[in-house]
Every structure is written in C-alpha cells, then in structure tokens.
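*Asks:* Residue-level listing of the chains:
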Amino acid sequence: MSAIEMRNIVKEYGDGFKAVNDVSLDIADGEFMILVGPSGCGKSTLLRMIVGLEDITSGDMLIGGDRVNEKAPRDRNLSMVFQNYALYPHLTVFENIAFPLRLMKGISEDEIKRRVSEAAGMLELNEHLDRKPANLSGGQRQRVAMGRAIVRQVNAFLFDEPLSNLDAKLRGQMRTEISRMQRRLGTTTVYVTHDQTEAMTLGDRVAVLRRGYLQQVASPRELYEQPVNMFVAGFIGSPPMNFMPAVVTGDRLKLPFLEVGLPSSAAGQVSDGQLLIAGMRPDHFEDARLLDPVKRERGAIFRARVDVTEWLGDSQYAYLPFESNPEVAKQLADLAAELDSEALRTQLIISIDAMSRLRENHEGEFWADTDRMHLFDPKTGINLTRDEAAAADLASLEQEELADRRGELAK
Amino acid sequence: MKASRSTQLFWIAGAILIILYALIPVFWIVSLSFKAGDDITNKQFLPTVWSWENYKTVFASDLFTTALRNSVGMSIIATTISVILATLAAYAISRLEFPGKRLVLGVALAITVFPVIAIATPLFNLWRTIGLYDTWLGLIIPYLSYSLPLSVYVLSAFFREIPWEMEQAAQVDGATAWQAFRRVIVPLAAPGVFTAAILTFFAVWNDFVFGITLTSSEAARPVPAALAFFQGASQFSQPTAPIAAAAVVVTIPVVILVLLFQRKIVAGLTNGAVKG
Numbered sequence: 001m002s003a004i005e006m007r008n009i010v011k012e013y014g015d016g017f018k019a020v021n022d023v024s025l026d027i028a029d030g031e032f033m034i035l036v037g038p039s040g041c042g043k044s045t046l047l048r049m050i051v052g053l054e055d056i057t058s059g060d061m062l063i064g065g066d067r068v069n070e071k072a073p074r075d076r077n078l079s080m081v082f083q084n085y086a087l088y089p090h091l092t093v094f095e096n097i098a099f100p101l102r103l104m105k106g107i108s109e110d111e112i113k114r115r116v117s118e119a120a121g122m123l124e125l126n127e128h129l130d131r132k133p134a135n136l137s138g139g140q141r142q143r144v145a146m147g148r149a150i151v152r153q154v155n156a157f158l159f160d161e162p163l164s165n166l167d168a169k170l171r172g173q174m175r176t177e178i179s180r181m182q183r184r185l186g187t188t189t190v191y192v193t194h195d196q197t198e199a200m201t202l203g204d205r206v207a208v209l210r211r212g213y214l215q216q217v218a219s220p221r222e223l224y225e226q227p228v229n230m231f232v233a234g235f236i237g238s239p240p241m242n243f244m245p246a247v248v249t250g251d252r253l254k255l256p257f258l259e260v261g262l263p264s265s266a267a268g269q270v271s272d273g274q275l276l277i278a279g280m281r282p283d284h285f286e287d288a289r290l291l292d293p294v295k296r297e298r299g300a301i302f303r304a305r306v307d308v309t310e311w312l313g314d315s316q317y318a319y320l321p322f323e324s325n326p327e328v329a330k331q332l333a334d335l336a337a338e339l340d341s342e343a344l345r346t347q348l349i350i351s352i353d354a355m356s357r358l359r360e361n362h363e364g365e366f367w368a369d370t371d372r373m374h375l376f377d378p379k380t381g382i383n384l385t386r387d388e389a390a391a392a393d394l395a396s397l398e399q400e401e402l403a404d405r406r407g408e409l410a411k
Numbered sequence: 001m002k003a004s005r006s007t008q009l010f011w012i013a014g015a016i017l018i019i020l021y022a023l024i025p026v027f028w029i030v031s032l033s034f035k036a037g038d039d040i041t042n043k044q045f046l047p048t049v050w051s052w053e054n055y056k057t058v059f060a061s062d063l064f065t066t067a068l069r070n071s072v073g074m075s076i077i078a079t080t081i082s083v084i085l086a087t088l089a090a091y092a093i094s095r096l097e098f099p100g101k102r103l104v105l106g107v108a109l110a111i112t113v114f115p116v117i118a119i120a121t122p123l124f125n126l127w128r129t130i131g132l133y134d135t136w137l138g139l140i141i142p143y144l145s146y147s148l149p150l151s152v153y154v155l156s157a158f159f160r161e162i163p164w165e166m167e168q169a170a171q172v173d174g175a176t177a178w179q180a181f182r183r184v185i186v187p188l189a190a191p192g193v194f195t196a197a198i199l200t201f202f203a204v205w206n207d208f209v210f211g212i213t214l215t216s217s218e219a220a221r222p223v224p225a226a227l228a229f230f231q232g233a234s235q236f237s238q239p240t241a242p243i244a245a246a247a248v249v250v251t252i253p254v255v256i257l258v259l260l261f262q263r264k265i266v267a268g269l270t271n272g273a274v275k276g
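Chains R and D, in that order, give the protein sequences. Just so you know, we're using UniProt numbering here: the first sequence kicks off at 1 and counts up by one. Just so you know, we're using UniProt numbering here: the second sequence kicks off at 1 and counts up by one.
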C-alpha cells in the first residue's frame, strides 16, 4: 500500500495533441480515488501512465515516494483490472488468478494454492476454479479479473472502467462488491469511470477531468454542493443541474420565472446589468402545495406551466420550459456537447414529491431553494458563489473518515 | 432456415461431383500401385489380382528408403526452424512499430510469388562453389527462404487477432516481455503456429524443383525427386506401378498429419478472453 503522487504530469502525442495537461494529484495511502470525465478527457491515459503502459512526456510520477517514470509496469507492483477484463483464455480460473504469483520467484505451490483460494473465496469463485474464462458469465469474468488483481500484495489497485460491460443490475452489485473489497483490504485504489453514479458512490475523492485538465478534486459531496465551475456542476448530478440566464438589476437577480436578491457572496464580483448563469439542482425545487412550511420561508415561490411529468414511483420529475437568451443558450449547448449530451431545449428539470398530482400542460406553484443556488460567470464558467468555508468543512470530514478507516484496519 | 428439398439435393450432388473429381486420380494411383507385373495394361480401373509386389519393390530399393529418410529429416528440420523464426518475426511485425515494417511484409509477399525455378540454376552454381551442393543444408536453406514468408504472413494475421490487453495485463502482473510472449501470446497463437507448421511441411515435403536440381546422389535427394530415378524390372518396362506405390507411401504421412492436427487448426481459442 502506497500513496501515489503526480507532479505536473503531461502526456503529449507525436502529433502534438496533449491528452493530459499539467495534472498534479495526490492520492493518499489507502484512499479510493475516482478519475471521472466525459470521453476523451484523458482519464484512461492518466491511469495507464500510473501503471506504466503509457510513457510520461513530462512531470513526475511517485509511488510510495519513489519516482517511477522510467520503471517498467512489472517493477511498479500495481495491479490493474481492464475494461474488457483481459483474462488469459487458455488458462483455468485458478491459473488466471495464480498467474501473477507464478511470475514471482520463491513462492511455494502450497502458498499459491492458499492465496488463490483466499482471493477466490472473497469473490465467491471457489466453485469455478477449474473452468475456462470462455465458460463464465460476464459478472464471473469480472470477478476473476479482480481476483487476479487482489491475489498479491500490491501498492495500489487500478481499475479502468471495470463495470461498463455489465448490465445495469450486475453493475450495481459489483459496485458494492468493489467498495467492500477496497474497504476490507485498505489498498490505495484509482478507479476510472465515466459513470457518475460509480464516481459518487465509490470514491473518497473524485478528480474531474476535462480535455486533459484537472478541474476539481474533492469528495463527492463537495463536488455536488460546491463545484468550482460550470463544467463540474453540470457533470456531477443526475438529472443534471439546471442552468438559467440571470440578469443583475441593482441588488436583485432576474431569472426566468422568478426574481431573487443577489447573493452576498457574488455581490462584489458583478456589475449592474451583467448577464450571469444561475445553476440550481433539480432537488432544490418542490411543489409548493406539498412543501414543508418550515422550508417555505427560505426560498422563493413561483408559478410556471408544466410541460411533461415523469413519475417513477419513489420520485417525480417535472419539466418546465422557458425562453432563454441566445448567448446563454449557445453557452449551454457547448457545455452539453462537451458532456456527451445534447441540449434539446431550454427547460427546468425539477424533482418534486412523488405524491404531487400536478397535471401536464397546467400551471403549478413551485418553490425554489434559492439559498443553494450557484452563479457562474458565463465567459469563464467560474463559480462566483462557491463557499470556501463550507468546502473546507466537507474536505476535513472526508479526511476524518479516511483516517477512521485506516485506524480500523490497523487494529 | 431450412433449405428446400431441391436445393439440398443440388448441393449434395455438387459436393459428390467435386469429391469424385478430386479423388478419382488418387484412387487411380492406389489401384495402379496394386497391379503386379504387366497388369497395368489390363485396361481396367481395378487390378485383376491385388498384389503387394510393387510395395515390396519400393521398400527393397535403397533409392526409395534413403530418399524417404532425407525427406522426413529435411521436412522436420525446415519446418521447425521456419516456425520458430516466423513466430518471432510475425510477433515483431504485428506488435512493434519500426521503420520499414510494411516493406518487410511486402517483400515477404513478393517472395512467395517468385517462381522457384528462377533461383534454382543460380543456386546450383553457388552451392557447387561453396560446397553446399548435394547436402541437407543446401536444400533446407532454399526451403526456408520460400516457407518463411508464408509462415510470417499467416502468423502475423493470428497475432493481430490477439488483443493488446493480454500482453499489457501480463506485464502489469509482473511478466517480462519475453514471459508475456511465451506464456500468453504463444499459447493463444497455437492454432496459427500449427497452420503455419503444416503449410511449411507440405511445401517442403512436396518440393521437386530444388530436390532434383540441387542433388546428385542419395546423400540428400528427397522422395519426389527420387521417384524420377526409378527403374522398371527390365530396361524396357516402365516403372509406373512402383512409382504409384511410392507415391501412395509418401502421401500417407501427409494425410495422417492433417487428421491429427485439424482440430488444432480450428481457430477461436481466444473466446472468453475479453468481454462478450
């Protein structure tokens, strides 16, 4: 188990394209770090540079304090689970898991047997040890790949989108399994994914990448509540954060549907008449009729026409279309394209109580928790209302949790 | 999908026709080899009396037995060397980036279409000068130069099919490049290796041009060339029947090889390596 430190890592390809750009990242010993971002953001390249399958153009990669830039993969003592598992088809499950041990010198056959059955036991593979990978289901292959990774004592586990080839139900189960395994072994883990559910649920901290640049490294909670810019805000959360044009008029802020006081944190940074982008999460809204009266004081009430509702049993989403100004619309379309989605129309997606009987194409009364609204500079995308104190609070919470877990393991 | 009865009949009839077309000459040779003495002029497909006489003649002659030994020895040596070299070369071609990679493959293909007879005469002169004429080595070298390109071609196609991740996984698991090659890549490419080995063996086993031009005695003469030197019982009788018997004898190892290895040649061993 080791900490991994990256100092100004750059990956430049022969044609001058920079896949990873000046990334500095510290991963603590025993930490579960997620690398996340839309396709082409450089997350897999970064992972492959950690493991040594990709050369580092410049910068330093330190594992356990040693610089490993020039070391071959086998000298870095890491294990990796590939997206397509990369099992050895000519070997049985037992031999697949034992493969890394067989390459090490001075391990007795008994020791190999013991370690393989221990790893197989942890992953419930004991009854499949004599089978070949071709005869296994997707989930079983996935577990064999994990068995091969955990069978020896390594500095860190690396996962490259390990669950993307599984169906939704299995993915959920394996996610829990990976989390449980990492907590139990306490091994430093770097996990690449484009699935933000995995990012939010698995990681101690999440590193969000965009076109090779690191955007923000923080706990899932901090990313969700205090994003540094529009990209992170839009990437984290599902359904995504709503972005609306907001015009500063004096000490007021004019949004579609409603008008609120200009938040004090943004007050000094904006001028009268300036156009901003306001971001509000779907769960910061509610059907005003079903609202807890205590909450009512905190936010603003507005009326709007409901276009479509989606009732999911435990939750309900309502879509409220609005007219956006062209500048903001273009900005949002660009952002959506970058996030691998498409901005079809400007609309608010809000999460309302599943009990609500709002009807489509009728007006309804809604409540918005305007205190939790974020304001972004439309040109730079920077979050003008990020609460550094709250962010620091969340970061220290995360640190405590990791320290707790380490203490538990040490016992 | 179920084919209608008439199309089914059509295919069966076609298959039988083609099989007969291919097998009748073989049956003819077999039948000839069992005709003793002047029976070959009996104007019938089958011998009047089935006789082992020709086989006895063939095995009694030193000409055939030494030639058989030469053929077996040289084929095995040439095949082994060719497959080993081709495996390494094909791996390099399919996995490494180096300047002139396409050229190597292009030249390899060009050599396979080069007529054998064109280099036979120059080699004859060269070998006589440097003393390789009428030796095993003198035949194995040209065999290699013709079988290697084909083997490299076949094997590089097989290596390309093997996912890169296999080796990367092995490297991360602690294998050196050589260990990854030997423990992961070679076993996965086994069907390709067998295919290349069999093709090489056939090419060498059936060679006639080099066998007849580059040898002068029984020291290195392979069977196909030796058959041309067969003599009849008397100076005036054609040795057709003994040649037929010898031809049957040399065909048998090839048939056995194919039957033994046809299961190995079946591709698809990489099933289950990756998602699916």
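Warning: the hint list may mix true and false statements.
Counterexamples of contact, computed for chain D against chain R with all Cβ distances above 10 Å [what the hints assert, rightly or not]: (1) 10; (2) 57; (3) 60; (4) 68; (5) 103; (6) 107; (7) 170; (8) 176; (9) 179; (10) 184; (11) 187.
Derived DMTMM-like pairs (lysine to aspartate or glutamate); straight-line CA-CA distance at most 20 Å [unchecked claim]: (12) R:132 - D:165; (13) R:71 - D:39; (14) R:132 - D:167; (15) R:330 - R:340; (16) R:254 - R:340; (17) R:379 - R:338.
Hints are computed from structural coordinates only; laboratory data are not their basis. Using N, Cα and C, we set each Cβ at its ideal position, and we do this for glycine too.
*Asks:* Does each hint fit the structure? Answer for all of them.
*Replies:* Hint-by-hint comparison with the structure:
1. 10: holds, 37 Å
2. 57: With a cut-off of 10 Å, residue 57 of chain D remains clear of chain R, as the shortest Cβ separation is near 49 Å.
3. 60: holds, 48 Å
4. 68: Since the minimum Cβ distance to chain R is about 36 Å, residue 68 of chain D lies beyond 10 Å and the statement holds.
5. 103: holds, 21 Å
6. 107: holds, 26 Å
7. 170: violated, 7 Å
8. 176: For residue 176 of chain D, whose nearest Cβ neighbour in chain R is about 7 Å away, the distance does not exceed 10 Å, so it is violated.
9. 179: violated, 6 Å
10. 184: The claim breaks: residue 184 of chain D does not keep its Cβ more than 10 Å from every Cβ of chain R (closest is about 6 Å).
11. 187: violated, 4 Å
12. R:132 - D:165: holds, 18 Å
13. R:71 - D:39: Roughly 78 Å between the alpha carbons, so the hint for residue 71 of chain R and residue 39 of chain D is violated.
14. R:132 - D:167: Holds - the C-alpha atoms of residue 167 of chain D and residue 132 of chain R are around 18 Å apart, at most 20 Å.
15. R:330 - R:340: Judged against 20 Å, a Cα distance of about 16 Å means the pair holds.
16. R:254 - R:340: At roughly 30 Å apart (the allowed maximum being 20 Å), residue 340 of chain R and residue 254 of chain R break the hint.
17. R:379 - R:338: holds, 16 Å
Of the hints listed earlier, those the structure fails to meet are numbers 7, 8, 9, 10, 11, 13 and 16, in rising order.
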